[in-house]
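J.: Sequence:
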Amino acid sequence: MSKKVRVRFAPSPTGGLHLGGVRTVLYNYLFARQHGGDFVLRIEDTDQARFVEGAEQYIMDCLKWCGLEPDESPEKGGPFAPYRQSERKHLYYEYAQKLIDSGHAYYAFDTTEEIEKMRNTYGNDDHKAQYDETTRGYMRNSISLPPDEVVKLLENGTPYVVRIKMPVNQTIRLTDMIRGEVTFDSSLVDDKVLLKADGMPTYHLAVVVDDYLMQITHAFRGEEWLPSAPVHVLLWEYLGWKEHMPLWAHLPLILKPDGNGKLSKRDGDRLGFPVFAMNWTDPKTGEITKGFREMGFMPQAFVNMLALLGWNPGVEKEIFTLDELIMAFSIERVHKGGAKFDFEKAKWFNNQYIHHADNETLAKLAMPYIEDGLKNTGINSRAYDSRLMTYDYLQRVVGLVKDRCTLLPDFWAQAHFFFVTPETIDVAAIKDKWNDQKQQFFSNWAAALEALPEWNEQAIEASCNEHALQAGLKKGDVMLPLRIMLVGGKYGPGVFIIADMIGKEETIKRIKAVHL
RNA sequence: GGCGUGUUGGUCAAUCGGUUAAGACGCCUCCCUUUCACGGAGGAAUGACGGGUUCGAUUCCCGUACAUGCUACCA
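Residues in the first sequence are numbered consecutively from 371, following my numbering.
Read the hints as simulated data drawn from the structure, not as lab findings. Watch out, some of these pointers could steer you wrong.
Under the rule of at most 27 Å between Cα atoms (straight-line distance), these lysine-lysine pairs were calculated in the DSS-like manner [as the list claims (entries may be wrong)]:
id: 1; residue 1: 879; residue 2: 860
id: 2; residue 1: 687; residue 2: 715
id: 3; residue 1: 715; residue 2: 660
id: 4; residue 1: 803; residue 2: 879
No experiment lies behind these values; they were computed from the predicted model shown.
Required output: the full structure, derived from the provided sequences and hints.
T.: Set out below in structure tokens:
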């Protein structure tokens with residue numbers, strides 16, 4: 371009999387949600403769903419100094435946007451509430467005490483200055499000494515001090531922290547689902563602080579206590595945590611919970627596209643792509659960091675792209691729905707090495723999703739960008755509504771231009787001429803081959819169009835062919851100029867469809883407006 | 001510095017000892033299209049290095065190099 375699978379994403383609310391964080395969420399989510407388990411969101415807000423207002427809500431909003439919502443969270447509640455570590459503060463002391471009683475942890479009364487001094491005294495500039503077996507004897511703690519003095523210090527209310535007492539010369543083994551067996555020498559790990567002077571636990575204590583209390587069975591986290599894993603393994607053991615320890619999986623890092631190293635917010639700013647899932651506004655500075663959502667990504671595309679960054683199903687398929695990902699995902703196929711983030715590939719995913727989306731869905735997604743464009747060109751979109759911008763019209767438009775769009779804002783760039791007269795006309799594109807004959811053709815044809823009995827793509831094209839022939843011109847001579855007149859540039863769907871869509875009056879107006 | 005982890009084209013990556021070392025993104029060429037895309041066809045481009053093990057190593061082992069992470073009363 372196996373326990374019900376329970377996984378958790380445990381971010382600290384200190385700012386924007388990094389793409390690597392979203393991927394961790396995704397792998398948690400996929401794993402939980404695949405095994406019929408629970409996905410828990412636990413907020414690790416034990417560092418009061420780094421707490422950022424609004425970050426928790428922002429994280430939950432990001433998960434909602436991505437469609438990766440937890441089963442239990444501070445917002446939703448659940449059988450293991452509360453899900454905010456600051457609200458669980460009272461729980462941790464008991465376990466710290468238990469560790470002290472069993473001799474696996476001790477009180478330390480050192481000030482930050484004393485510790486700093488020790489690091490320099492017993493170490494050097496590029497290798498500061500650790501608080502461990504070799505140095506703890508020189509410090510003020512319940513191991514080095516006589517018992518009565520410790521009691522006195524405690525009674526006087528001297529600030530203290532609780533540190534784990536790392537054993538000497540012990541090999542600590544950990545079986546990682548991705549990396550296999552990893553070993554550490556306990557002598558090389560320092561006596562990490564478990565309980566801070568303010569009574570809050572550090573990550574090390576909190577993650578173990580909460581994973582135990584919340585009955586977490588599988589723990590996924592970034593590779594940067596691997597070096598502190600031996601501390602956690604020991605804690606599980608010392609607390610007597612070893613058989614309940616979750617299976618670990620340390621996920622590979624997401625690297626910057628150029629050079630090496632972890633992808634940071636700065637790299638995004640520097641290279642011009644987002645790193646956060648959604649726009650993040652720093653409450654202190656007001657500085658806004660762009661997100662994938664605001665950049666014009668569809669959440670499904672974003673998630674799909676992330677899934678394949680560090681994991682590969684072993685088949686050629688690349689486009690997966692969330693349900694398909696749940697079916698296909700396997701932790702064993704997650705890569706060991708970090709992956710460089712490629713924004714071009716990310717855009718390709720979005721392009722694919724736009725390409726395959728139905729027009730109704732796209733019309734909804736494109737709507738805000740079209741409205742925005744109209745607003746910026748000074749046209750009241752409401753007034754325009756009644757004339758041209760019906761939902762039906764929008765759907766036809768997006769269907770016509772979707773192959774040309776990679777990000778959602780492209781819909782305005784690729785379709786503005788369906789709604790407004792082009793502001794700029796690329797006359798340079800036709801100037802060289804322009805002549806009186808062509809000018810004459812267009813003014814004659816514009817007049818003839820007035821009298822065209824039916825207004826549709828075929829009729830307009832036939833009329834154009836006919837009049838070009840009469841004027842002694844080839845069709846190819848007039849196609850590009852016509853496009854420039856209607857669209858403003860060398861792009862867009864077929865010209866006659868455009869003429870059909872924008873209507874007779876507007877078509878004639880645009881033709882007449884251009885003189886070279 | 002110490003410790004951990006990693007290393008297949010520019011990038012994402014398949015291969016679980018035997019392949020002409022897949023595929024995708026990007027790039028280039030051509031076709032389709034009297035625009036731009038989409039689509040189609042093709043092309044350039046890869047096993048860090050050195051030792052083993054083996055009939056045979058990209059694949060297993062060891063070393064080297066390089067990269068990266070950690071080394072806080074931050075997570």
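J.: Each hint: holds or not?
T.: The hints, checked one at a time:
1. Note on residue 879 and residue 860: the hinted pairing holds, with a Cα-Cα distance of about 19 Å set against a maximum of 27 Å.
2. For the given pair, residue 687 sits about 15 Å from residue 715 by alpha-carbon distance, which is consistent with the 27 Å threshold.
3. Straight-line distance between C-alpha atoms of residue 715 and residue 660 comes to about 18 Å, which keeps the hinted pair within the 27 Å bound.
4. For a cut-off of 27 Å, the pair hint linking residue 803 to residue 879 stands: about 22 Å separates their Cα positions.
Consistency with the previously given hints is maintained throughout, with no hint failing.
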